[in-house]
Amino acid sequence: MSHPSRSLLVAGAWTATVTGILVAVPLLLRDRLPEPLAAHWGPSGRPDRSLPFWASFSLSLAVWALPVAIAVCAHLRWNALRHRAHRRTLGIVLGAGAAFAVGTQAITLAANLDRPGWHEAGPLGWRAFLLVFAAAAAGGALGRAAGGPGPDEPLVREPVVPQAGMRLRPDRRTVWVSSASNGWVTGTGVACLVAAVALAVAGGIVAAGVALVAAGVLAVAGLVVLWVSTAGVRVGDGGLVIAFGPFRRPRRTLPLATLQSARAEERRPSEVGGWGIRGLAGSVTIMIRAGECLVVRDLSGGELAVSVDDAAHGAALLNGLIARRAPVS
Amino acid sequence: MLLTLDLNDPRPLHEQVAGAVRRAVASGTVLPGQRLPSARELADALGVNANTVLRALRDLRDEGVLEFRRGRGVSVLRPPDGREVLRRMARELLDEAERYGHRPEEVIEIIKELS
Chain C
1 MSHPSRSLLV AGAWTATVTG ILVAVPLLLR DRLPEPLAAH WGPSGRPDRS LPFWASFSLS
61 LAVWALPVAI AVCAHLRWNA LRHRAHRRTL GIVLGAGAAF AVGTQAITLA ANLDRPGWHE
121 AGPLGWRAFL LVFAAAAAGG ALGRAAGGPG PDEPLVREPV VPQAGMRLRP DRRTVWVSSA
181 SNGWVTGTGV ACLVAAVALA VAGGIVAAGV ALVAAGVLAV AGLVVLWVST AGVRVGDGGL
241 VIAFGPFRRP RRTLPLATLQ SARAEERRPS EVGGWGIRGL AGSVTIMIRA GECLVVRDLS
301 GGELAVSVDD AAHGAALLNG LIARRAPVS
Chain X
1 MLLTLDLNDP RPLHEQVAGA VRRAVASGTV LPGQRLPSAR ELADALGVNA NTVLRALRDL
61 RDEGVLEFRR GRGVSVLRPP DGREVLRRMA RELLDEAERY GHRPEEVIEI IKELS
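Protein chains in written order, with UniProt numbering: chain C, 1 to 329; chain X, 1 to 115.
Next comes chain C alone, as it looks inside the complex (with noise of 0.2 Å):
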């Protein structure tokens, strides 16, 4: 059996698994489980919404129905069991995703079993909540585990005329160093900080813990932003680095060695699917804002693209250096 099809296989066998336990586990406990369940828990660890048994039931299958979808349609369109890179991607979605909804699945019917109303449903704390996270990791570290075996296909695309390498002298060392930054996604990011502080003192002053927890996730929110809001690229011997946020860190090396060819492309952000980090491994751009983006290929055919000023002489300079390395290796 070829690899793409046996990892098909896998995929749908593990996928009617997952779909067999969400459904059979709920049908086989109802006798058991109170009518409503309790669905939802409140900060203090006491539930504080129900659902009709139905209801509940639908909502654990259309957890895991998300990243079915997402599988089956990134098969459709891009053949993705053919390289590792995807087949990684895949992994992680359906073996995150199949923790998340049977552990969400567990812990509602562990806390509701024999209990004879839904106000009386065990208590979930913050503990279980970590649970499910952490078995969602686990699941997702296998899932990309499953899917490294096999054969990495390169990813055909349309060939394009990579930019004019330059010529470069054995005695001089040429680097460049550009950056991108977007305006609006900083003040966006700086806007959320912002609100952030105000809610925590206004919070803090009231006493009021809804509004600490706000502050908390619009800090992290605005963190995010800022870290995609402006971008360092710089080319030289080492090869291609990218150093995001405002402070530069992290850094994504890419070594000369990995590299195929660059070219300076236009793109748009309603062409890569918005701002920040888009597409799947293997065709990723780092999008901080429209316009000129250096694109490089590595040897197994992926693409990476970000968006930096003056791309072209990036471009051509890392050609240049690829040239030289040629003939050596």
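Derived by calculation from the structure, the hints in this document are not laboratory data. Errors might be hidden in some of the hints.
[What the hints assert, rightly or not] On the chain X side, residues computed to face chain C include the following (Cβ under 8 Å):
| hint | residue |
| --- | --- |
| 1 | 3 |
| 2 | 4 |
| 3 | 8 |
| 4 | 29 |
| 5 | 31 |
| 6 | 41 |
| 7 | 45 |
| 8 | 82 |
| 9 | 86 |
Here the structure is a predicted model, which means the values were calculated and not measured. For every residue, glycine included, the Cβ atom is placed at its ideal position computed from N, Cα and C.
Following the hints, put chain X in place on chain C, whose structure we already have.
Okay, now just chain X, sitting in the frame of chain C:
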């Protein structure tokens, strides 16, 4: 911006870095008013100390090429003086000629032939 360092250049490193930035500004890849990457980023890319880059940038500020603004980083004020750029290129040309064993008079002859 593209920066090139000559690995055999005997001059102090900060002069070489200043030369590289001067050439980049003169070539027009960074226009007046545009901001330069931070000294930290330039230093990381060139593989030199950040203080070396800062010294080079200060020299270029004193030359009138760059402008330091509090909170806004370093930006290009105006392209370097053409005569100054030519003088430095001529210096490099003479050094190169010396490496091949040609005297300055012969370089002048070559220039006359070309013009």
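We went through each hint and held it up to the structure:
{"no.": "1", "hint": "3", "in the structure": "5 Å, holds"}
{"no.": "2", "hint": "4", "in the structure": "5 Å, holds"}
{"no.": "3", "hint": "8", "in the structure": "5 Å, holds"}
{"no.": "4", "hint": "29", "in the structure": "6 Å, holds"}
{"no.": "5", "hint": "31", "in the structure": "11 Å, violated"}
{"no.": "6", "hint": "41", "in the structure": "5 Å, holds"}
{"no.": "7", "hint": "45", "in the structure": "4 Å, holds"}
{"no.": "8", "hint": "82", "in the structure": "22 Å, violated"}
{"no.": "9", "hint": "86", "in the structure": "20 Å, violated"}
The structure fails hints 5, 8, 9 (numbered hints given earlier, in ascending order).
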